[in-house]
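Asker: Start from chain A and add chain B according to the hints.
2 protein chains.
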Amino acid sequence: MAQQSEALAYEPRDAILEAAAWCFMERGFNATSIDDIARQLSATKGMVYHYFDSKAELFFEIHHRAMDALLDEVRPVASSALPASQRFSEMARRYVKTLIVTRHYQRTVSEAVQMVLRSSTTETQRQQLTSLQDRRNHCEALFLSVLEQGIEEGSMLAQRPRIAIKPVFGAMNSVISWYHPREDETPEQLDQLVAEVVDVALKGVMGSN
Amino acid sequence: MAQQSEALAYEPRDAILEAAAWCFMERGFNATSIDDIARQLSATKGMVYHYFDSKAELFFEIHHRAMDALLDEVRPVASSALPASQRFSEMARRYVKTLIVTRHYQRTVSEAVQMVLRSSTTETQRQQLTSLQDRRNHCEALFLSVLEQGIEEGSMLAQRPRIAIKPVFGAMNSVISWYHPREDETPEQLDQLVAEVVDVALKGVMGSN
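Protein chains in written order, with full-length UniProt numbering: chain A, 1 to 209; chain B, 1 to 209.
Worth double-checking, as some hints may not be accurate.
Identical copies look the same in the list; a pair holds intra-copy or inter-copy alike.
Below, a list of computed lysine to any residue pairs in the SDA-like style, where the Cα atoms sit at most 20 angstroms apart [stated by the list, open to error]: (1) 97 with 159; (2) 97 with 162; (3) 45 with 152; (4) 45 with 79; (5) 97 with 163.
Source of the hints: derived by calculation from the structure; they are not laboratory data.
So that you can see chain A by itself, here it is in the shape it has in the complex:
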């Protein structure tokens, strides 16, 4: 499986995943057929099946890439030498921006995971879901550990860090459901929006300095 997380929608596999993610986002996972995905690509159903066995396989690969995109951005900052509160802010900025930029992947995940969980029956699928859950937990654990370091350093605060991290993630993740790009949105306007969201989302765990 290719590990490139973005901007490589030229390889057939990548193009198929891009098309599938958009279809899942617009129509929902259940309502999307392999035919719809092929049509979106101006390709044949046979071409899609040449690369992916099923809609479930597409979903799992989309989920993996959605998590790769987030972890690739957040992980290097988590282990950098900056003070914890600065690391936390930069991780949050990258996390929210990546959610927005890869929203067709992220929204697919958030909508489909419940459905797949409930209807999935094969042992392999269940193992894949567990591994995906682990990666989501890993992302939250990175933030939690930096929060705990920030509390130790005195620059961050939380009564119970494990509780406090939940509304922080809720605030950040909310962009998946409400963000819609304005037609004429500039990169600067997007960065400004990300900064405003991060500011509101993090203040509850930032020291009052």
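Answerer: Using the frame of chain A, we list chain B on its own:
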């Protein structure tokens, strides 16, 4: 339609809705049958159909009650005489607590609304969905208007209130997906949890006093 929002699971309609909400939460809307709901009630399918024509009708009534429960709690505070920042905090406390207490209703809504939206075809259902959307917007508008008053009073802050309110709601709404009651949780512990969530969720729009 009865308007009682809670603690009245004794009338048949209420008992059916309670059972349906739990089933939808545990199994998902799609995977739940009227048979499952009847079984949960130790009643017959015929009894359920005596009160509700379809699963969709149950869903709409659950959604209405979920919104009633939130609006009934939040609305009186929004128009009270307290300073805006205190009103906002109290609205948030009631909102989060109600989300938790009525989580089987709220989780049904958040999971099923996308699915129903996509598969619903009848004109009546579409009208109902629009009216439900209006009520969700109304709840957010109440918070937004108090935030704007708080900014005017100088006790609250936001660069763009319409943006800032989104992560605040994301933080509050997150309880629907992560809260699970501990077996021995006391009412005081629940209130403490609500206070911690509200504290983190709101600090981003509270003045630094």
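Asker: Against the earlier hints, flag every one the structure doesn't satisfy and list their numbers going up.
Answerer: Of the numbered hints, 3, 4 do not hold.
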